[in-house]
Structure formats: structure tokens, C-alpha cells
Amino acid sequence: MQIESAYSPMNQNFEKILRMCESSRMQSIRYLDSVLSYYETTLGRREARKVKIPVREAFVHLTEDSDDMNHNWDAGDIIISQYELAMQIHFDLCYNYFFYGQHDLAKQHILGCRENSSLLEKEVSTFGYGEHSTMPWGDFYYASMTKDDILGYIRALNLGYEVLNEEPSLLQKLQEAVANHYTGIIAILQADNLAREIPMV
Numbered sequence: 001m002q003i004e005s006a007y008s009p010m011n012q013n014f015e016k017i018l019r020m021c022e023s024s025r026m027q028s029i030r031y032l033d034s035v036l037s038y039y040e041t042t043l044g045r046r047e048a049r050k051v052k053i054p055v056r057e058a059f060v061h062l063t064e065d066s067d068d069m070n071h072n073w074d075a076g077d078i079i080i081s082q083y084e085l086a087m088q089i090h091f092d093l094c095y096n097y098f099f100y101g102q103h104d105l106a107k108q109h110i111l112g113c114r115e116n117s118s119l120l121e122k123e124v125s126t127f128g129y130g131e132h133s134t135m136p137w138g139d140f141y142y143a144s145m146t147k148d149d150i151l152g153y154i155r156a157l158n159l160g161y162e163v164l165n166e167e168p169s170l171l172q173k174l175q176e177a178v179a180n181h182y183t184g185i186i187a188i189l190q191a192d193n194l195a196r197e198i199p200m201v
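Count the sequence shown with UniProt numbering and you get residues 1 to 201, in order.
It is worth saying that the hints were derived from the structure and are not from the lab. Keep in mind that this is a model prediction, so the values were computed, not measured. Nothing false has been slipped in among the hints.
In silico lysine-lysine, DSS-like type, Cα no more than 30 Å apart, as pairs:
no.	residue 1	residue 2
1	K147	K52
2	K147	K122
3	K107	K173
4	K107	K52
5	K107	K16
6	K107	K122
7	K50	K107
8	K50	K147
9	K50	K122
10	K107	K147
11	K147	K173
12	K122	K52
Label-pair ranges, simulated between beta-carbon atoms:
no.	residue 1	residue 2	range
13	G130	A195	40 to 48 Å
14	N158	R25	20 to 28 Å
15	M26	S118	24 to 32 Å
16	S24	E47	30 to 38 Å
17	S125	L164	18 to 26 Å
18	D67	S169	51 to 59 Å
All C-beta atoms, glycine included, are put in the ideal place defined by N, C-alpha and C.
Using the sequences and the accompanying hints, generate a full structural model.
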């Protein structure tokens, strides 16, 4: 009988790719931070800046046979609010930091994303968004996240109580107690004996 080892060439290649991407990742993060710092300095401005971006059709999809990127810059442009741009950048940075386990930075960016979504929502309720008079979740010109995505990261980063005024479930309290060396676990299990919220599996 052959015993499987934890070593796999696929895992080794994946780790190698991640290490190679780290320098590009940091360069991208620095660039996105500089874009955020430029567009989030709106003190004293009465209305949001407008940002001109190319439409998605302007970008040519790469294939294994292509060796050049001849984008179609004549495909057109669209104008978006700085809030939509900042909302998407904050969300992308949160996603990245969450993946790499840098939860403090992920929290900072999901809160920035939520703040910009609130500002965009006020702007949309006043001026509209194309043919929409309310936030067009899933149908933005640029941003690709949904409101549930934002709320999901807020909850995953244990900000539900602070930001959403949600009382954490007994399961969340149990997971937090386990992460904190089982501090307070007896009280949580006693409460679950009455409520029966925590699954047995």
C-alpha cells in the first residue's frame, strides 16, 4: 500500500508562482493606493470628481497565440463617479489582503469600500445612475461587487457588530472563543444548550 505524501509538484509550482507574483502584487498595491489617495482627497469639494475610463470592449483578450496587446481605444469611454472607482479599488484591496491573511488591512479597505458605496448611494439618489434611480448593484459601469459581497466581508472580518449592529451568532462566538484559546467557551456552550444554534457536525 502506497501512502500519499503532502508533497505535490502542483503545490510546489503554485508556491513558486505566488512568490513570483509577490513583487508584482506589491507594485500593484502601491499604484492602487496612489489612485485612492488622489481621488479620496475631496475636502472642500461640493461634488464628486468624474473619472473617464475606457469601456470593457476596448481591451483585447489575450490568447496563447497572441504576443501583442492591440487594444481598441476607439471603442469608447464612460464617465463614472470617483466613489464608484474608490469603492471597487477598496474592495479589490480588501479581497487581496483577506486572501493573504492581512486582516487589519482588509478591515481598513472594506470599511473604505462601504463608505464609498454610501457616498455613491447618496449621489445616485440625487442625480441617478444612467437609467437607474437607485443603486444598480450588479449593473454598474465599472464596479463588479454586490452589496452582499461587501456585507459578507464585513461579517467575515468580525465587523458585523461594530458596523452593522448585528449581534454575533453563537457559532461566531464559538469560533472566536476557539481562536482566543477557548476563552469564554463554557458560557457560549451553556447558551447553546438553550438556543441550539451551533450545529453538531
